[in-house]
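Protein chains: 2
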Amino acid sequence: MGNRTVYCGLVAKENLEQTITLQGWVQKRRDLGGVIFIDLRDREGIVQVVFNPEVSQKAWEIADSCRSEYVLEVTGTVRQRTEEAINPNMKTGEFEVMANEITILNTAKTPPFSIEEDTKAGDEIRLKYRYLDLRRANMTENLMLRSKVTQTIRHFLDDHKFLDIETPFLGKSTPEGARDYLVPSRVHPGHFYALPQSPQIFKQLLMNAGFDRYYQIVRCFRDEDLRGDRQPEFTQIDIEASFLTPEDIQTYTEQMLADVMKKTQGIDVTLPFPKMTWDEAMDRFGSDKPDTRFDMELIDLSEVVKDVDFKVFQMALQNGGVVKALNAKGAANNYSRKDMDHLSQYASQFGAKGLAWLKVEEDGLKGPIAKFLTDVSDEIIAKTEAQVGDLIMFGADSFEVVAATLGAIRTRLARELDLIDQTKFNFLWIVDWPQFEYDHEEGRYVSAHHPFTMPKEADIPYLQTDPAKVYAQAYDIVLNGYELGGGSLRIHTRELQEQVLKTLGFSTETMNEQFGFLLEALEYGFPPHGGIALGLDRLVMLLAGEDNIREVIAFPKNGKALDPMSNAPSTVSPLQLYELNIEVTDTEE
Amino acid sequence: MGNRTVYCGLVAKENLEQTITLQGWVQKRRDLGGVIFIDLRDREGIVQVVFNPEVSQKAWEIADSCRSEYVLEVTGTVRQRTEEAINPNMKTGEFEVMANEITILNTAKTPPFSIEEDTKAGDEIRLKYRYLDLRRANMTENLMLRSKVTQTIRHFLDDHKFLDIETPFLGKSTPEGARDYLVPSRVHPGHFYALPQSPQIFKQLLMNAGFDRYYQIVRCFRDEDLRGDRQPEFTQIDIEASFLTPEDIQTYTEQMLADVMKKTQGIDVTLPFPKMTWDEAMDRFGSDKPDTRFDMELIDLSEVVKDVDFKVFQMALQNGGVVKALNAKGAANNYSRKDMDHLSQYASQFGAKGLAWLKVEEDGLKGPIAKFLTDVSDEIIAKTEAQVGDLIMFGADSFEVVAATLGAIRTRLARELDLIDQTKFNFLWIVDWPQFEYDHEEGRYVSAHHPFTMPKEADIPYLQTDPAKVYAQAYDIVLNGYELGGGSLRIHTRELQEQVLKTLGFSTETMNEQFGFLLEALEYGFPPHGGIALGLDRLVMLLAGEDNIREVIAFPKNGKALDPMSNAPSTVSPLQLYELNIEVTDTEE
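So the protein sequences, as listed, match chains A and B.
The numbering of the first sequence is the UniProt record's numbering, which starts it at 1 and goes up by one.
The numbering of the second sequence is the UniProt record's numbering, which starts it at 1 and goes up by one.
No wet-lab data here; the hints were simulated from the structure.
Note that beta-carbon positions come from the ideal geometry of N, C-alpha and C, so glycine has one too.
Heads up, some of the hints might be wrong.
[Said to hold, decoys possible] The calculated SDA-like cross-link candidates involving lysine to any residue, where the alpha carbons are at most 20 angstroms apart (straight line), are:
(1) 560(A) x 188(B)
(2) 263(B) x 155(A)
(3) 161(B) x 141(A)
(4) 148(B) x 248(A)
(5) 91(B) x 544(B)
(6) 28(A) x 108(A)
(7) 148(B) x 550(B)
(8) 109(B) x 495(A)
(9) 161(A) x 148(B)
(10) 161(A) x 3(B)
(11) 263(A) x 155(B)
(12) 560(B) x 161(A)
(13) 161(B) x 265(A)
(14) 275(A) x 303(A)
[Said to hold, decoys possible] Now the in silico label distances, taken between C-beta atoms and shown as ranges:
(15) 512(A) x 247(B): 56 to 64 angstroms
(16) 280(A) x 107(B): 36 to 44 angstroms
(17) 439(B) x 574(A): 47 to 55 angstroms
(18) 177(B) x 124(A): 44 to 52 angstroms
(19) 571(B) x 573(A): 48 to 56 angstroms
(20) 120(A) x 267(B): 55 to 63 angstroms
[To be verified] Covered stretches of chain A, going by a simulated chain B footprint (3 or more residues, C-beta under 8 angstroms):
(21) 68-75
(22) 158-167
(23) 185-193
(24) 198-211
(25) 525-535
(26) 562-571
The shape of chain A in the complex, shown without the other chains (with noise of 0.2 angstroms):
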C-alpha cells in the first residue's frame, strides 16, 4: 500500500530495469556536470538517484531546489552502475535510479548537526532533536534491532505457550527495594500509587490463578541516581512458570537467548550456556558477572604465601582473610610506577588498603615487595605461571574486599590492554546465589534477590539461626561481564514466607500490612513456581555493541533524568496540585 514499490535501501538486483518509486529524506545532493545526484535515504538505507535534465527537465529543476533532509517522493528505472561508479561501502552501491518524476512531500530547515554516523554533536543536542538523531543510521539500526529483538522473544514465548498477561502500573509502594516513583491519587487525598519496579508479586499470582506461563514486555521505574546504564524508565522481559525447575527455566531461556542470537546476528550459540556456582565466580573472577571473553583469573596464593614475612599479608591471613594475585601476561612494561600507582588509587575505591604488585624480568621478580617474597618466588612464579614481562598484582584482605578489588582491576586491566575479543558473545550463568547479603550501613540481611526468592532445601534450617549460611535456588544470567537478568524459584508456602521475611527484619505486623495479600494467596493452593527477568536496552544494547543504553531508547532521559525535548518533567497549574491535595514544599533545585 501506498505508492511506495521498495525501500531506498532494498534496491537490488531484481529491482533491475523496473520503475520503481521510492520516498526517503535527501541525505546529499551534488551537481555534477549538470546532472544532479540525490542520494535518497529512508530507515532501510540510501540510494543514488540520478536527475538528468535529458530524462527530465521538470524532474532536473525541482531536484536542483532540493536540500538536505528534504522529503521526497521520486519515480525512476534502476540501472546498474558502471564499473568505475560502484560504491562498495553502499549496499545499493551497485546501482542507481534515473529519476523521471519527483515531488517534494516537506522541505526542511538546516539541521543542526548532520545526520551522519559519526556525529560530533554532544548528548544534549542529541536529545533535544532526538528525531534527528534517530535518523542516524546507526540509531535507526539500532532501533531497529531492538525491534527485531522484541519480536524474536516474543514470538519463542508465543510458540512455547507462555500467555502475555498485563499487570498494572498504578501499584503499591514497598519499602523492600529501590526508591519508588509515586502518583498522587486525586480521589483519595493522601494516598499514592507507585509505578512497578518489577511485575513480581503480580506475576506470582497469575501464577497462583493458574495461567502456568506468563510473559511480558513491560516497563519498570526506579527512582535512583542515574548512572551509564541506568535510566528512570526500563524494559523488562519478564517470565514465570508454574511447575518447573530451575533448569527448565534456564532451558527455555537460553533457547530464547540463542534464538535471538540467530536472528539477529546469524550466530549459533553453543547450547548449554555454562554455569558457575557464585562462590566460584567470585573465587575465580572477583565478580558475580564475570566477563570470561579473557582469562586473567584470580589465584589464590594464601597458601604459598602464608608464612612469608609481610605484614599485609599476614594480617589478611591472620584476620580469616586470602591473599590473591592477578597475573597481567606481558603487561608489565604498560604500566609504570606511576600508573600503578593511580591503579593502588582506584583499588581503594573497593576497600582495599593498597595494591602490591611485582613485575617479571629475567633474573627473578622485581618491585616494591619483591625482597619479601624471595623464598617462594618460585612457587608464585609457578602457580601465576609467569613469564618474562608479566605484571603480578596482588590482593589482601577478607575474602569480599579482595573479589572487589581484583576483579575491578581485572576488568579495568582488560579494557586498557585490549585483552577483550569484542566479536565474542559470552553468556554465563551465575546459580547458587545466597540467600542473603548483609547491609553493613542499615544493620541487618538483605535479600541478594528479592524477599520471595526460595532458599536451598537443605538451608532452610539456617533462617534464624545463621542467615549468611542460607543458599538460594537464584540464578543470573551473564553476557560479557553484564548482568543480562536473574531468576528464582519462588517460594509457594506461608510459613516460608514469613519465615523469609522475620529473617530480613519484618514484623508479623509489617509484613503484613506490606505483603498480607501475598502470605494470604499462600495459603489458597498455591503451585510451585519460578521464573526469571532480563533486562531488555541492556541486551540490546550489548547486541549492538553500544556502551550506553540510551542508544537503544527512542526518548531516553539525560543524566539528569530529564527530556530535554519536552522539557519533561515541569511545573504544573496550581489547579492539577489543588486537585492532587499536594503542595510543593521547596522549589530550588
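Following the hints, complete the assembly by docking chain B onto the known chain A.
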C-alpha cells in the same frame, strides 16, 4: 519440560491408553462406592481422574485427603469412559485418567467463594481475591483470549513491517485532553512528569525520525471519573505510518481485525468494512458509533409535519431544527403509558424536552399527539413503514439534540426489545469527522479527535472564519455500537499546526510552551503521516461477550480506582514525601 505431559483440559483421543502426568487444582472430589473421582483443573480445562484402591491403595489414600483447590501432580493411564459415563458438557468428557501416582504439591484453605463459572461473589470480593477469581474458567479464558488477540495483532503488524518501538511513560503534562496522572520528580523539586494519555506526539516524532511504520501495544492513563468501561489505566494498540492514505491505514486495520476474528472466533468477516460519514451516522442513527446489528433508524419527518398545528414540532422547525421519528416495530404492546413516561424522562437526559409518541392501531394512529397529526397520518405511516402494533417516537429539536435523544432511545429499546443478534460482529468505519466540537462550558472550539488531526484540504480556509465547517481526515472504527478506535492523517507542517492551535484558542506563547518541540520538529522534513489507535480492553471485552472491561483485565481497579487486593493507593512514609518535596494538604476522603 517439567513433569507434565499434557494439560488437563487437552486430554484427547491421541492420549488413549497412554501414561500421562497432569498438574492442576482439585475442582471437585467425590467418593463413589469407595472409588475417588477428582476433577483436576488447569488453564486449559478439566479432566476426571479416578483413584481406585485396587489400582493403588497409597494413591487412593492421598486422594482421599485432598480438598478443593489442592495442587496435585497425578500420573495415570487415559481410558475411554463407558458410554453411560460420558459427559458431553466437558471437553474431555469422553475420557478419564486411572491414577496410580499422586503428589500433593500444595494444600489450600477453603476459598471465600467457589471456583465456578457462575459465581455469586460480589465485585469487591472477586477483586480482593483476584487470583482465585481468575481461576474461574470464564476469567481464565478471557485472559487467554486477550493474550491470543495481542499475539495475533503483533504477528500481523510484524509481518507488515511495522516496528515495535517503545515510548516514554514519564512524559510531560499537557493541558489538552483529559486529566493527567502526575509523578513528582525527586531530582527537580516542584517539577512533575505526567503519565501518557497516549503516545501521540512521540509516535509522530518517530515518523519524523523516518521509522516509516510503528506500532506499540501500550498502557495509557487518564485520571478521570470511572465508568463501567473505564479504568485509570487502559491499553492501546497504537499504529502510525508515513506516506499512506487514510484508506491504506483503514485497509491495514481491517485486515488486522479480520485476522483477529479468524484466529480467535473462527469467523471470516467480509472486507472491506462498510463506511459511513459522520454526518450520515448522526442523521440515520443519532450516534457517531452506531450499532448496525439492528435497524430502527431515525426517519426525518420535518418535511411531512412542516404544516401541522403542533407547537413542539413548529418551534423546532422554526429554530432550524428537525423532527425525526423512530419506529419500534411491533413494540406498541411492550410499552404502557407509564413506560412511555419513563422513556420520556430518559430522553430528557439528552436535552430533549419530552418524547412524543404514537401507537399504530387497526383504526389509525393513537396517542397523546395523534390529534395534531390526522392530516399527515398517511404520510407518517408511509414514511415510517408503520404497521399495526408499531410504536413510533418523535424527537423535535435541534439536529444535535434529536440525534442524541433518539440515538439513545434507539439503543435502549433494542436492548429492552431484544432486537440485537448477539452473534453478529458489525464493524463500521465512521469517516469525515468534524475537526472541532464547540464546547459550551469552555466557550471555545475543542478538537473532536486531537489537535494534530489533519483537516480536509478544501476546508483549511475555514479554520479562522468558520471552524464548524472544517471537516477532518479522521476516521473511527466502530464495533457493535462501541468505538473501538480512531485515527487520522496528522498535520505535517508548522504553519497548519499553528493555525489549528490558534483556532483552539492557543496564543503563540502557550503553543510554544506546550508544543514548541513539535512545532520545531515540523520544520525539519516531517513526512506526511497518519495512524490509528484501538482500545485493546474494549476489543477483547466485545470478543469475550463481556460488558465490562474489568472482566478482561487481570488486575483492574474497582469503581473507586482502588485495588482491594493490594490496597493501592496507600499512604506512604514521611521520608518519601520529604524526598519528593511535596506535602499532603488534605487527607480526608
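Now the hints, each set against the structure:
1. 560(A) x 188(B): It holds: about 9 angstroms lies between the C-alpha atoms, which stays within 20 angstroms.
2. 263(B) x 155(A): holds, 16 angstroms
3. 161(B) x 141(A): Status holds; Cα separation ~14 angstroms.
4. 148(B) x 248(A): Violated, at about 24 angstroms.
5. 91(B) x 544(B): holds, 19 angstroms
6. 28(A) x 108(A): holds, 13 angstroms
7. 148(B) x 550(B): Distance ~18 angstroms between residue 148(B) and residue 550(B) Cα, so the pair holds.
8. 109(B) x 495(A): Answer holds: residue 109(B) to residue 495(A) is near 14 angstroms, not above 20 angstroms.
9. 161(A) x 148(B): Holds, at roughly 10 angstroms.
10. 161(A) x 3(B): Given pair residue 161(A), residue 3(B) holds - Cα atoms ~16 angstroms apart, limit 20 angstroms.
11. 263(A) x 155(B): holds, 16 angstroms
12. 560(B) x 161(A): violated, 35 angstroms
13. 161(B) x 265(A): Given pair residue 161(B), residue 265(A) holds - Cα atoms ~19 angstroms apart, limit 20 angstroms.
14. 275(A) x 303(A): Between residue 275(A) and residue 303(A) the Cα gap is close to 27 angstroms, so the pair fails against 20 angstroms, i.e. violated.
15. 512(A) x 247(B): 56 to 64 angstroms: Because 59 angstroms falls inside the window, the suggested range holds.
16. 280(A) x 107(B): 36 to 44 angstroms: holds, 38 angstroms
17. 439(B) x 574(A): 47 to 55 angstroms: violated, 22 angstroms
18. 177(B) x 124(A): 44 to 52 angstroms: Taking Cβ atoms as reference, residue 177(B) and residue 124(A) lie about 29 angstroms apart, which means the hint is violated.
19. 571(B) x 573(A): 48 to 56 angstroms: violated, 25 angstroms
20. 120(A) x 267(B): 55 to 63 angstroms: Taking Cβ atoms as reference, residue 120(A) and residue 267(B) lie about 57 angstroms apart, which means the hint holds.
21. 68-75: holds (count 4)
22. 158-167: Coverage by chain B holds here, the residue count being 6 at a Cβ distance below 8 angstroms.
23. 185-193: holds (count 9)
24. 198-211: The restraint on the stretch 198-211 of chain A holds, since 8 of its residues have a Cβ under 8 angstroms from chain B and three suffice.
25. 525-535: Since three or more residues must qualify, the claim that chain B covers the stretch 525-535 of chain A holds, with 4 doing so at under 8 angstroms.
26. 562-571: Coverage by chain B holds for the stretch 562-571 of chain A (9 residues, Cβ < 8 angstroms).
When the structure is compared with the earlier hints, violations turn up for hints 4, 12, 14, 17, 18 and 19 and for no others.
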